[in-house]
Structure formats: C-alpha cells, structure tokens
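Undergrad: For reference, the chains in residue letters:
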Amino acid sequence: MKQNKTLFLVEIAIFTSLAFLLNLVSQVMPLKVWPQGGSVSIEMVPIFIMAYRWGVKGGVLAGFLLGLLQFVFGPTIYHPVQGFIDYFVAFSVVGLAGLFASQIKNAVQQKQRGKWIVLATLGILLGSLLRFISHFITGIVFFGSYAPEGQPVALYSFIYNGTYMLPNFILCVIIVVLVISAAPKKMI
Amino acid sequence: MMEKMIFGRYVPMDSVIHRMDPRSKLLLVFLFVCIVFLANNLLTYILLGLFTLLMLGMSKIPFRFLYAGLKPVVFLVIFTLILHLFLTKEGELLFKLGWIEIYEEGLRQGIFISLRFFYLILMTSLLTLTTTPIEITDGLETLLNPMKKIKFPVHEMALMMSISLRFIPTLMQETDKIMKAQMARGVEFSSGPIKDRLKAIVPLLIPLFVSSFKRAEELAIAMEARGYRGGEGRTKYRQLVWTYIDTIILTFMAILTILLILFRT
Numbered sequence: 003m004k005q006n007k008t009l010f011l012v013e014i015a016i017f018t019s020l021a022f023l024l025n026l027v028s029q030v031m032p033l034k035v036w037p038q039g040g041s042v043s044i045e046m047v048p049i050f051i052m053a054y055r056w057g058v059k060g061g062v063l064a065g066f067l068l069g070l071l072q073f074v075f076g077p078t079i080y081h082p083v084q085g086f087i088d089y090f091v092a093f094s095v096v097g098l099a100g101l102f103a104s105q106i107k108n109a110v111q112q113k114q115r116g117k118w119i120v121l122a123t124l125g126i127l128l129g130s131l132l133r134f135i136s137h138f139i140t141g142i143v144f145f146g147s148y149a150p151e152g153q154p155v156a157l158y159s160f161i162y163n164g165t166y167m168l169p170n171f172i173l174c175v176i177i178v179v180l181v182i183s184a185a186p187k188k189m190i
Numbered sequence: 068m069m070e071k072m073i074f075g076r077y078v079p080m081d082s083v084i085h086r087m088d089p090r091s092k093l094l095l096v097f098l099f100v101c102i103v104f105l106a107n108n109l110l111t112y113i114l115l116g117l118f119t120l121l122m123l124g125m126s127k128i129p130f131r132f133l134y135a136g137l138k139p140v141v142f143l144v145i146f147t148l149i150l151h152l153f154l155t156k157e158g159e160l161l162f163k164l165g166w167i168e169i170y171e172e173g174l175r176q177g178i179f180i181s182l183r184f185f186y187l188i189l190m191t192s193l194l195t196l197t198t199t200p201i202e203i204t205d206g207l208e209t210l211l212n213p214m215k216k217i218k219f220p221v222h223e224m225a226l227m228m229s230i231s232l233r234f235i236p237t238l239m240q241e242t243d244k245i246m247k248a249q250m251a252r253g254v255e256f257s258s259g260p261i262k263d264r265l266k267a268i269v270p271l272l273i274p275l276f277v278s279s280f281k282r283a284e285e286l287a288i289a290m291e292a293r294g295y296r297g298g299e300g301r302t303k304y305r306q307l308v309w310t311y312i313d314t315i316i317l318t319f320m321a322i323l324t325i326l327l328i329l330f331r332t
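In order, the protein sequence lines correspond to chains A and B.
Count along the first sequence from 1, add 2, and you get the number used in the numbering used here.
Count along the second sequence from 1, add 67, and you get the number used in the numbering used here.
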C-alpha cells in the first residue's frame, strides 16, 4: 500500500510535467496539429490518462499541478477571480474525467473496445466541458472588467473560449483513443 | 532552450527584489492584484504607477525582459482601448470624423483600463522574472501550510511540484530523442494533411508514456529505499529566510493600500 502511494505521487508528478511539456512542444517545435497553432494543444492528454489510471483523485491532482506549474512559470493575471480560476480550478476540473475510471478499466480488461471508447469519450467530454465553463467564467470576468459597459460579455466569452476548446476536445478524444488502443494494458 | 525550461523566465541578477523571500513576493503580488481595482481616478492611478516603477527599478531587470512579457498582451490592451474609445459615448465629444466619434469618458476609461492591465502584467512578470519556479513552489508551500487543517495535501503537492520541475528538462530531451527516432523512420510531424499529423503524434506519445511509467516506478522505488514516508518530520534543503527588506516592502504595500482607499472617489 505504501509503495502504491509513493508511486501514485511520483507518476502523477511526472505526467504533469509531460502535460506541461506537450503544451510547450506544440508551441515551439514543428508539431503543428492545428494549422493556426494557437491554444490548441494536447496538454490535456496526460491528465486524462492519469484520470483513467488513478481515478478522480489522480486526475484532479494532475490537473491542479499542471495549473500550478503554469503559474510558477509566469502567470497572466488581470483579475483575482480570473487568476484563481485559470490557474487553480480550470485544469483541476479536467481530472473529473476520472469518474469513469473504474468502468473503463473493466471494459478494457474484458476487451470491450466499443464500450471503453464511449466511456473515455464521455470522460473527455466532461473534463473539457468543465474546463470550458471555467474559462467561460473567467472570460466573463475579463470582458466584464475590461470592456465598456453594455457589451454582450457572455457571448464574447462563449465564442472566444469555444473556438479553441471545441477543437481541443476533438483532438483529445482522437489521441486518447488512439493511445489507449495501441497499448490498453500498459496505459490503463 | 534547455535553460528556458528549467528557469522559466527567471533572470538571474543581484537586486533587492531578487533577494526578497518568495513568500513576501507572493504576498506582495497577490495584494497588488487585489488593490489595483481600488484605483478609479488620476491620482490613484499615478500612485499605483509610481509603486510599480519603484519595484521595477529596484529589481534592476533590463527593459527588454519586461517587454518580452508585455508583448503577448499588447494586442489585448489595444483591443480594450479601442473598445472603450469607440463604444463609450459619455462626456464631451472630443473628436469626430465621419462615423468615428471619440468621447471624453471613452478616452479616460480606455487609458485607465489599459494602465490597470499594464500594471498587473508588469507586477506578475516581476514575480517570475526575479524568482525561480522552485522558489515560488517553496513559498507557496509555506503560505498554504494552514490549509493542512482542511486536509489539503500541501506537503505532497510541494513534493510533486519539485519532481515535475526536475523532470521537465529530462522529459524534454526524451521527447526530442523520440521525435528524431521517429522522423528517421519517416514519420512527418510538421507537414501533410491533418489526419496524418494526428496519427504521427501517437508513435511519439506511446514511447514517451511508457518510458515515463518506467521512470516513475524507478523513482518511487528509489524514494522508498531511501526511507521516504510522507511529510511528518521531513527537513528541508532550501530554507526560506524572512529579512527586514521583506518587512519594509510589505509595509510600503500597506501604505499604498491605505493611500488608495483614502484618495479613491
């Protein structure tokens, strides 16, 4: 049991730095998946893998750490509420995809490919949706405190955050499914 | 590139701000982010500006580093400025050219809000320019210590952060190696249709993940072998020292807050 706890901490720490790195790599190196680059990256993939391996606790911890890493490497803060949500909440909630962890594990062990793909997609949908909601709220805070009064701030935030979260979600589903199906026993 | 990964945006120098305790720097920036929103007239914005300039001056950070931090947000600042200029229609009409009308209130609000934006970016940049990621982690650990009472795993988080920070350059090398190996086998990462590029990511991620699992297992075993068993009674290698400089600068901050409350309208 003790061994498991140390392994749990270490594995999540290492996968968080992997997530951080994948975000950097997709900006710096010629790994342009989306023609425009931008915020579309595969940083959420390692978090989903951790969420499915270790459940909600692992996923949320990995997400929280990723936010913290981005914080210590230079945050962009323009409002206290935005700073808190963007760095401490937005990525943590991604880990809630781990709610499906035990069912996915069962499906993988029983080689029910269709079933775990659906479950994994649901988990990614949940995680991405919650992250979208967090960024949507910070967007409202941003436009609310920086744009003139009387503007449709919710609409601005919805469009701005939707344009990268939707492709992010699709990308994550494709990559997570491809990665797990390549080595189901090793990944989950 | 490697150095960028380890130190983030940290600029190694010797200045009063560099020598400050990370705890007091975090507190300073946190308070600053909150009190910026108190300012609502010319005098209060000037006070905040003077304080920001004073801090920047004391940090001795060359301007080009600050500019690098500002560059990504210049667009946002211009965007908010334009929104205010054209969409706020209060006060006196200052300028009219065809359908373009600029009002006094729009100009005022536009300038104030852009200034607020600049102050916030400059002060948060100051934190990461003068403090290494590991120092910030140590600072956060001690500041968040009271949260242990509500069962928040502060010690574990700090340990995991140090492991993450330590592994960023290592994993960077690993990624680079695997990418080159796969490119040698003919995988195209940067050209071809999107579908092919997506498929190319998988042969990069799988070896990367598998080797990371292995690394994690080895590290966990090594830690166990050296007697790691959680937070209670662990001593620290890096000790934080609170000096009189920290007290003085935080006192400045308190005075600034009081002045802002007195002079705001």
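Just so you know, the hints here were simulated from the structure itself, not pulled from any lab data.
Note that the Cβ used here is the ideal one computed from N, Cα and C, for glycine as well.
Hints are supplied without guarantee of correctness; some may be wrong.
Mimicking EDC-like on lysine to aspartate or glutamate, the simulated pairs with C-alpha atoms at most 16 Å apart in a straight line are [as the list claims (entries may be wrong)]: (1) 216/B <-> 299/B; (2) 59/A <-> 223/B; (3) 7/A <-> 285/B.
Partner residues aside, some chain B positions facing chain A, computed with beta carbon under 8 Å [claimed, not checked]: (4) 176; (5) 238; (6) 328.
Undergrad: Against each hint, give a clear statement of whether it holds in the structure.
TA: Structure-based check of all given hints:
1. 216/B <-> 299/B: 14 Å, holds
2. 59/A <-> 223/B: 13 Å, holds
3. 7/A <-> 285/B: The hint holds at about 14 Å.
4. 176: Constraint on residue 176/B satisfied, holds at 7 Å.
5. 238: 5 Å, holds
6. 328: Residue 328/B check fails; min Cβ-Cβ to chain A is 17 Å, beyond 8 Å.
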